[in-house]
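Each chain, written out:
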Amino acid sequence: MAYMPNTTDRALIAGIANCDAQALRELYNRHSSRVYNTALTYLQNETDAEEVSQDVFTKVWRSAAGFKAESQVTTWLYRIAVNTSLTALKKKQRRGIFGMINPGQDPPDFHHPEAKLEEREENKAIFSAIYRLPDRQKTAFVLSYVEELPRQQVADIMGLSLKAVEGLLMRAKKSLRNTIER
Amino acid sequence: MEDKTYNHLRNLPRAVPPEGLFDKIEAKIGQAKVVALADWRQFAAAAVILAAINVAAIVQYSQAQPETSPGMAAVENTIISDYEIYY
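Chain order of the listed sequences is A and B.
Take 598 as the starting number for the first sequence in the numbering used here and just add one per residue.
Take 23 as the starting number for the second sequence in the numbering used here and just add one per residue.
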């Protein structure tokens, strides 16, 4: 079935639930950038971000039938992307400890692929500071300042109150300031 | 410092997902189906083998029963007859 640009995301999810690969392709065209960029900010490695994106859309394919209509499709997608990224990150850090390649939680040597040459050092420092944030602070910060989502949507994705998200953001900003100024 | 950080993030263009990513996703979905099917076949094959082994064991046991009993009886008789020597 062909999907028009005005087809709603919910209709696409319904199509995916009926195993329509064309609906998945359309959803991918609309949202792959969000998923890939979220994963890239967490993992700070293009290959890992690609793998996480694959996992996210595979999960969407498998669990579309269980999508609850009360939340937005983007909220649901971000929730899957954040959880999958955090799981991949934990796995990577564990592998690092056992393999003694990257012991502890040292950030990778990452430059965002779209960063300007003259801003590369600043870019590296910012992403490195984001990498060091605790999980919940990181999620609140990434969704608010990298993905630029409204605070209420960040709260919905994280399953927290608006006040709790504001608290996490305050702590995240403080940690970032300390790390970058050091 | 903070404004500079937020401006940097705000002005940073979004990274473009690599070409061919969707093809990999489609392949992964297809692979998942194949693996699931293969799993079912393996489970079915394992169940059939297990059932066959059980049936074979029961048949062998029931066939072996009559042969063992007289054998045991014979041994017992020998022992008894041995004891009888000392009477």
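In short, the hints are calculated from the structure, not lab data.
By construction, the Cβ of each residue, glycine as well, lies at the ideal position given by its N, Cα and C atoms.
Where hints are given, some of them may not hold.
[What the hints assert, rightly or not] To be clear about the criterion: a stretch of chain A counts as covered by chain B if any three or more of its residues have a C-beta under 8 Å from a C-beta of chain B, and this derived list gives those stretches: (1) 649-661; (2) 706-720; (3) 766-779.
[Said to hold, decoys possible] Beta-carbon label-pair distances, calculated as ranges: (4) A:E711 <-> B:G42: 39 to 45 Å; (5) B:V81 <-> A:K687: 50 to 56 Å; (6) B:N33 <-> A:M601: 56 to 62 Å.
To see whether the hints hold, each was checked on the structure:
1. 649-661: holds (count 6)
2. 706-720: holds (count 7)
3. 766-779: The restraint on the segment 766-779 of chain A holds, since 5 of its residues have a Cβ under 8 Å from chain B and three suffice.
4. A:E711 <-> B:G42: 39 to 45 Å: 19 Å, violated
5. B:V81 <-> A:K687: 50 to 56 Å: 53 Å, holds
6. B:N33 <-> A:M601: 56 to 62 Å: 33 Å, violated
Hints 4, 6, counting from the list given before, are not met by this structure.
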